[in-house]
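Asks: Got two chains here, separate frames each, mind docking them using the hints?
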Amino acid sequence: MRKVIRLVSIQLWAVLASMFAMGENKKRKTRALYVGFVLFLVLMSGVSFIYAYSMGIVLRMFDSIEIMPSLFMAMTSVLVLFTTLFKVKGTLFAFKDYDMVMSLPVSNSQVVASRLILLYSINFVFVLVVMVPVMIAYGILAGPGLNFYIYGIILVLFIPLIPIIIASVLGTGLAYISSGFRFKNLAYILFSFILLIGFMIVPVFLGDSTEAMVELGQEINKKVQEIYPLAGIYSKAIIGGEFVSAIIFMAISLLSFWLFSLLVGRVFVRINSSLMSGVAKGNYKLGELKTSSPLKALYLIDLKRYFVTPIYVMNTAFGVVIAFLAGLSLPFINLDNLSGQVDLTLLRDFLPMFIGFCMATSSTTMAGISIEGKNLWIKKSLPVSIDLIFAAKILVNLTVLAPILIASVVLGITMGLPFINVLVLLLMVVVFSLYISLYGLVINLIFPNLTWTNETVIIKQSTASLISVFSGMGMVGVLALLWGLTKDSLVAIILFIILLCVLILVLYKWLSYKGKKRFLSL
Amino acid sequence: MLRIENFSKTYKGNKKAVDNLNLRLDKGDIFGFIGHNGAGKTTTIRAMAGVMDFEEGDIFIDDISIKSDPVKCKKNIAYIPDNPDLYDHLTGIGYLNFIGDVFEVSKADREEAIGKYADALEITANLGDSISTYSHGMKQKTAIISALIHKPKLLILDEPFVGLDPKASLTLRNIMKDICNNGSSIFFSTHVLLVAEKLCNKVGIIKDGRLIAFGPTEEVTGDLSLEDVFMEQN
Chain A
1 MRKVIRLVSI QLWAVLASMF AMGENKKRKT RALYVGFVLF LVLMSGVSFI
51 YAYSMGIVLR MFDSIEIMPS LFMAMTSVLV LFTTLFKVKG TLFAFKDYDM
101 VMSLPVSNSQ VVASRLILLY SINFVFVLVV MVPVMIAYGI LAGPGLNFYI
151 YGIILVLFIP LIPIIIASVL GTGLAYISSG FRFKNLAYIL FSFILLIGFM
201 IVPVFLGDST EAMVELGQEI NKKVQEIYPL AGIYSKAIIG GEFVSAIIFM
251 AISLLSFWLF SLLVGRVFVR INSSLMSGVA KGNYKLGELK TSSPLKALYL
301 IDLKRYFVTP IYVMNTAFGV VIAFLAGLSL PFINLDNLSG QVDLTLLRDF
351 LPMFIGFCMA TSSTTMAGIS IEGKNLWIKK SLPVSIDLIF AAKILVNLTV
401 LAPILIASVV LGITMGLPFI NVLVLLLMVV VFSLYISLYG LVINLIFPNL
451 TWTNETVIIK QSTASLISVF SGMGMVGVLA LLWGLTKDSL VAIILFIILL
501 CVLILVLYKW LSYKGKKRFL SL
Chain B
1001 MLRIENFSKT YKGNKKAVDN LNLRLDKGDI FGFIGHNGAG KTTTIRAMAG
1051 VMDFEEGDIF IDDISIKSDP VKCKKNIAYI PDNPDLYDHL TGIGYLNFIG
1101 DVFEVSKADR EEAIGKYADA LEITANLGDS ISTYSHGMKQ KTAIISALIH
1151 KPKLLILDEP FVGLDPKASL TLRNIMKDIC NNGSSIFFST HVLLVAEKLC
1201 NKVGIIKDGR LIAFGPTEEV TGDLSLEDVF MEQN
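Line by line, the protein sequences give chains A and B. Taking this note's numbering, I'd label the letters of the first sequence as residues 1 to 522. Taking this note's numbering, I'd label the letters of the second sequence as residues 1001 to 1234.
Warning: the hint list may mix true and false statements.
Once the Cα atoms are required to be at most 35 Å apart in a straight line, the calculated DSBU-like pairs of lysine-lysine come out as [as the list claims (entries may be wrong)]:
#1 B:Lys1153 / A:Lys222
#2 A:Lys296 / A:Lys285
#3 A:Lys281 / B:Lys1139
#4 B:Lys1072 / A:Lys290
Not the full set, but computed from the structure, chain A residues with beta-carbon under 7 Å of chain B [what the hints assert, rightly or not]:
#5 Thr291
#6 Ser385
#7 Arg518
#8 Ser521
Quick list of the computed label-pair ranges, beta carbon to beta carbon [unchecked claim]:
#9 B:Ser1135 / A:Arg2: 31 to 39 Å
#10 B:Arg1024 / A:Asp387: 27 to 35 Å
#11 B:Ser1106 / A:Arg6: 53 to 61 Å
#12 A:Pro105 / B:Thr1010: 52 to 60 Å
#13 A:Pro105 / B:Ala1108: 49 to 57 Å
#14 A:Val502 / B:Lys1027: 51 to 59 Å
Since the hints were derived computationally from the structure, they do not count as laboratory data. Glycine included, C-beta positions come from ideal geometry on N, C-alpha and C.
Isolated chain B, as found in the complex (with noise of 0.2 Å):
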């Protein structure tokens, strides 16, 4: 489902946020992706989700190059930043009906499915109010059923339990199963790590841009917990 292949990433001032990265997820995988602040983990996920350019490696989606045909790519994938800054002056509604047209959903599909995690996340009444008066859980909930409407391939998740209550977290938490045992993967990132070791199949850990740890969860663990063997690289 995907292939992240040599990929590496420079900023301006010659400092490598990721250094050669090589990564690959099969089909519903769950992979929590961790590591400290300005580790790389941003920078490796805005790339995946084709928001910013590279010039190193390559990152494909069901064998579909991000960079070569990027429309294509993000047909498959969903994308929701670690803060989903929403179109504010749009409501809830309006939002999510944009996204519906801009990934062409039908409006049957759409409808289902904006019904389906709105109520799952408690946030229908809510959805006819202006973004501009939304708490960031509440963004955080638009974005999430934003990202689900076309039922992606795969889910990129920047830090999603970030403002969550948590029964919302715990209904996301169910959501990101249940879409997984349908055939899609999710690559997220996480400082939660109880929650990383819970949910995912497969863990990476990335230092300084470099990829130290990734496989399934109890290879990368062993008969530690996550937070042990986190702390023991860090």
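Here chain A stands alone, though its shape is the one from the complex (with noise of 0.2 Å):
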């Protein structure tokens, strides 16, 4: 146990020095980070009482508060879930660092348990921050008694286990099918999707938006239970008391992941050197080179290391992949049928935060230096300036979120959008295109990371990443407030567009100048 410790705390060190990597600043500057992520965790909580404590007055007003905390609890497994499946590849699979752990005299379950106890770890941070301001939105709202603090507290620590084994096993079978593919990686990234997609639309087919809030409730509630047993073995422990149920609930978890480590620890190496190995068929004969420009080779060059990436596709194109269904899905829906139910001119308002949304979360530049990671001297040995180095990587960004220009012409003339509405949408999408690629390049330049071990510090976990995810939406959020205080959708995407030019010019002006010198210094 003691050995499985030492690899988890190795590891999880790894994970944290990666989060808050600060390239050459100040140890001031990394405290602020850790100040900065702990409000973050603070602000993510308080949002999360928000919610649930409004979901829990609807609840209330129908007399179905008791089903709260088993619906969040399942809510909090199937985000858990989503999160694990595409880190698997990567944190308990086909690891960078795999060679390293193995040669270490630990047994293949130890090493297996301390990738997902570092899985759990992540994940056991969400959980808190989610279930936490639950707990204590039910306590204001249902009163329970001491019993349902104790079980809470203790059953919080074992909801992580049960969707950190699904997605691995997911996960894994995921990376297996893709690796029978010749374009593997792009195999990956469409199945993914598919699963993806297919958990966002299996529950719109489980309920009827019809029903009482009430019935739809409990049957939500109904169906989570059937879906996942867990959930009402946690309902009964944690509101109806049943020390049975609470033991059964930590045994089934805490048994799944035991024997889970010790099954993955048989078939570990071989899994591994299954996904991790490349075919070599060593016989390739010298014939026609094709030549490209400067910037097409290392535009094609960030393009190809994108599309190889699948979790960098899946955590950057997914908003793309939604507004395009989105744009591909509305011209078969009749609007008329829906207007009785739906005020047609608020979602007309409502398309650009939408599309913007979904953009949002496209930022590819904001790991577009990281992923270089040791690869970086290659870049910065070749005979072209930095701009067009910059450039390359803005294209990408651009190349991905170009499907959103189809999604929103469509979503604009289907939804019945002024033709002059219409084109200040695509205006808009233009724009914003180029300020999430610019804006990525420069808080990736602020705060890279070129010691990672596995892409999904970088795509997921990093600084980096959070404050462009985040400040991004903070940006569709101006739109909104714009919105909000003009009251016209069409002079709040003009007054939106005019601010993101500006921001757009004073991002530029600081990568040709500063964004340069910290290129070079990396």
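Replies: Structure (structure tokens):
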């Protein structure tokens, strides 16, 4: 056990160090980041509390408050499953320091246990941020007895275990199936999107939106407990105060985790060898070579790097895929049938924010520098200006965002937006794309991490990615604020475009001077 | 071909990695840069290659300052670090073609150069495979070919013989002699003193960031071997 703890602590510190990677910056700034991270967690807990409390009030109105903890527990479990699914390859399997870790005098099961505990530790923080505020909100609204808190505090430790196991099985299966394809990374990305969108679509078919809130709540709770029986056991323990249920919940979670570690330990080397070994044919004959301009060559290299990293694509193209799917499906929906239930004018006004939201999470440049890692020497030694290197990275981001243009036109026309509004929306997409690309690059130059051993760290857990995603959403918030202030969607978008143009100018100036210096100093 | 003038580099924490280095190489020189681990070799090499910024002094390649015109300078040089991490997501030929594109080498020239050096280093058959499947030596060979595609005037190599098999090592030595006979120069660091003594017409010894010996190999060694001189100085 001591060895497992040692392994976990080393890996956890590596994750934390990567998260707060400050490059050449001083300790003071690192400390500021730690404080910022804690404040961020407090803020997220606050948001979680407000959400839980408001939902609790509605549930209480319909005498269904008792379903609240298990409902949130199930929701948290699904989120843990989602976030872990794409971390499995790179954390549990096919991680970069595999050779080093496996050469240590520890058993395979101990290595597996350490990797699973690492996944657990990361997810546990997230579970705490959601479930503790839920417990407080429930406590205020339902006034449960002491048992609720005792069981709640104990059981929260076990919530992430089963979702992590399910995600590990699914994630490994996904990686295994994809490895059989010629373009295995693209196959992995495609299957991941299908799985993710499948998860999102299934609940839509489970409930009927016309049902009363109380029925809907209980129906969802019933469905959740059917799909995820642990939620029912959790509910019996925490609400019913059943000691046996609490023991069953803990036992199932712990035993599954332990058994999974043992089982994976047996096939660990085989799975890793299969996932990590490439195919070498050794029969190449030199033929005619295709030539490109330096910019095109840099762009294609960066684009390939993007598409061979599934977690990069999954995290930065999800919004684009959602917008694109919305654009594809909306023409087949009869909006006139909806007009009785939904305010179409409001929907039209909301469209720019939906588009903006989809774009805000699509910055590839936020990891564009960090992804170079140990390869950065290549770009730095090439006879090209730093502008050209930056331009290639920005072009990749614009390429990823390009489908949003088509989606915007289709959505705008289908929703009956006036021609001028569609044009302005298009302009917003173009300008916002440029802003997101430049902003991501600036943030990554300020918070680079070139010493990562797992891409997940720089794409999902780095300071640059957090800042980029949340400030991107903040910009959508600004658009919403402008809409609220002007009460006119068109005027709000135009003001937003003007603001973006000013910011783009500032970012461009920064990149031209400080950005280049920072790049050179990496 | 190469002029290093008063070059110093201080890292954060005030550690002076290189202290007032002055050095000059002419066309056709093969220069061996020798020193302990942490003596300042890689720092000097990285500054020369334009991959690391520096404040004090300047470095000129073919009379062009790497500080003021890095792009023009880099067109004339090729650099291979001590551990050439190449793009794992590319094939060997994909990487070489990428380098050819960025250095704007014509199609015919790059095909000729790749064919010539890949055959010499016996790696042609593997060029279609992903670099992720390459051994350290194969990556080193690929990096060597990439450094030669654009016929650089100055080749900057950090420990180029590490990871190469004896035959490839001999081939590389022959290539080095060959390109220097054609007017290019080579600046390389090594811990293999026998190779340096046999191959280089000039050597330099760096200790604690200071160049403590520099000149034609026979002048630096005198009646002793390079190994004896190095051990005496250190």
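Asks: All hints are to be evaluated individually against the structure, with a verdict given for each.
Replies: Okay, the hints, checked on the actual structure:
no.	hint	in the structure
1	B:Lys1153 / A:Lys222	75 Å, violated
2	A:Lys296 / A:Lys285	25 Å, holds
3	A:Lys281 / B:Lys1139	16 Å, holds
4	B:Lys1072 / A:Lys290	25 Å, holds
5	Thr291	5 Å, holds
6	Ser385	6 Å, holds
7	Arg518	10 Å, violated
8	Ser521	6 Å, holds
9	B:Ser1135 / A:Arg2: 31 to 39 Å	36 Å, holds
10	B:Arg1024 / A:Asp387: 27 to 35 Å	32 Å, holds
11	B:Ser1106 / A:Arg6: 53 to 61 Å	56 Å, holds
12	A:Pro105 / B:Thr1010: 52 to 60 Å	41 Å, violated
13	A:Pro105 / B:Ala1108: 49 to 57 Å	55 Å, holds
14	A:Val502 / B:Lys1027: 51 to 59 Å	53 Å, holds
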